[in-house]
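Student: Sequence:
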Amino acid sequence: MVCGPFWGVELVSLSRPCPFTNTHLPYEIIQSGRHHVKIGITQIILGDRSLDDTLDLCQRAGYETVELTFGVSKDLHVDMSDDELAGVAQRCATAGVEVASVIAHYAERGNLMSRDAGGRDQATQGLRRAVAIAGTLGVDGVLLHPGQLTVEGTYQQAWDDLRDVLKELAPEAEAKGVRIGVENVWNKFILSPKEAVDFVDEIGSNWVGIYLDTANMMAYGFPEHWIRALGSRITKVHFKDFSRSERSFVNLLDGDTDWPVVMAELRTAGYDGSVIHEVGGDDDAQIEIAERMRRIVAM
Numbered sequence: 096m097v098c099g100p101f102w103g104v105e106l107v108s109l110s111r112p113c114p115f116t117n118t119h120l121p122y123e124i125i126q127s128g129r130h131h132v133k134i135g136i137t138q139i140i141l142g143d144r145s146l147d148d149t150l151d152l153c154q155r156a157g158y159e160t161v162e163l164t165f166g167v168s169k170d171l172h173v174d175m176s177d178d179e180l181a182g183v184a185q186r187c188a189t190a191g192v193e194v195a196s197v198i199a200h201y202a203e204r205g206n207l208m209s210r211d212a213g214g215r216d217q218a219t220q221g222l223r224r225a226v227a228i229a230g231t232l233g234v235d236g237v238l239l240h241p242g243q244l245t246v247e248g249t250y251q252q253a254w255d256d257l258r259d260v261l262k263e264l265a266p267e268a269e270a271k272g273v274r275i276g277v278e279n280v281w282n283k284f285i286l287s288p289k290e291a292v293d294f295v296d297e298i299g300s301n302w303v304g305i306y307l308d309t310a311n312m313m314a315y316g317f318p319e320h321w322i323r324a325l326g327s328r329i330t331k332v333h334f335k336d337f338s339r340s341e342r343s344f345v346n347l348l349d350g351d352t353d354w355p356v357v358m359a360e361l362r363t364a365g366y367d368g369s370v371i372h373e374v375g376g377d378d379d380a381q382i383e384i385a386e387r388m389r390r391i392v393a394m
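Here the sequence shown is numbered in the numbering used here, starting from 96 and rising by one per residue.
Hints in this document: simulated from the structure, not taken from any laboratory. A quick note: this is a predicted structure, and the numbers were derived from the prediction, not measured. Relax, there's no trap hidden among the hints.
Computed list of lysine-lysine pairs in DSSO-like fashion (alpha-carbon distance at most 30 Å, straight line):
#1 Lys289 x Lys335
#2 Lys262 x Lys289
#3 Lys283 x Lys335
#4 Lys335 x Lys169
#5 Lys283 x Lys262
#6 Lys133 x Lys289
#7 Lys133 x Lys169
#8 Lys289 x Lys271
#9 Lys133 x Lys335
#10 Lys271 x Lys169
#11 Lys133 x Lys271
Between the sequences and the hints, there should be enough to build the whole structure, so can you do that?
Tutor: Below is the structure:
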């Protein structure tokens, strides 16, 4: 989904850089002629900001893509009709902002790794709805936070339960042209690139992979190892940074991520999707983060 100004929001003036011109691109990318990796932002870090305000921020900062979240307490409601979703698609298209991926959840989010079948069913319903929303919007990816590993049961049981749900939903995802990306999160699960590869390969579908967060493994690993191992199993990428000395997330370029190596590995892996950042901050911070992202993708 691509496209220009949307209904009800001030149009981009000619003096403001348009996201789809070379105005925002680093000189190195323009000169090299290599594939341009689009930069974007996720609504995860924008709170209850409306869609219109989100798109306005994207235009002002030069974010070319956005990750939309559909829930129960915001204007992007998880139970939007197809006609309402078509309106969302039109507003994004007219604003000149591509929707990179979708997150959706109900009030009761559930947990795909719970030993409670009811909790797994709740989470499955949310994932199924996310796939449906993405399909209707013409978006090729959804982000899945699989839930938390609990003390009940065993690690293998949680592994099997999550794998089986994703096997079940893979044909639905394929039918809608949507890849499900399981994010590596701080949930005591899938702690190494080998585990990530083994998990995806057990599912056995190109429509399920890993939504790679570049910082979530940095307390105990290296993003370049994950990228190298996963290759085409990577569905989407979240950009974050992490300071090992402070043991905390920090702004992009302020941590220990070896960004030139990360970008080189993404190119070697053939990744040609967008990169979405997940760093909080006010509008001024988001505009400055966009500039940091442009520096990173030029490396």
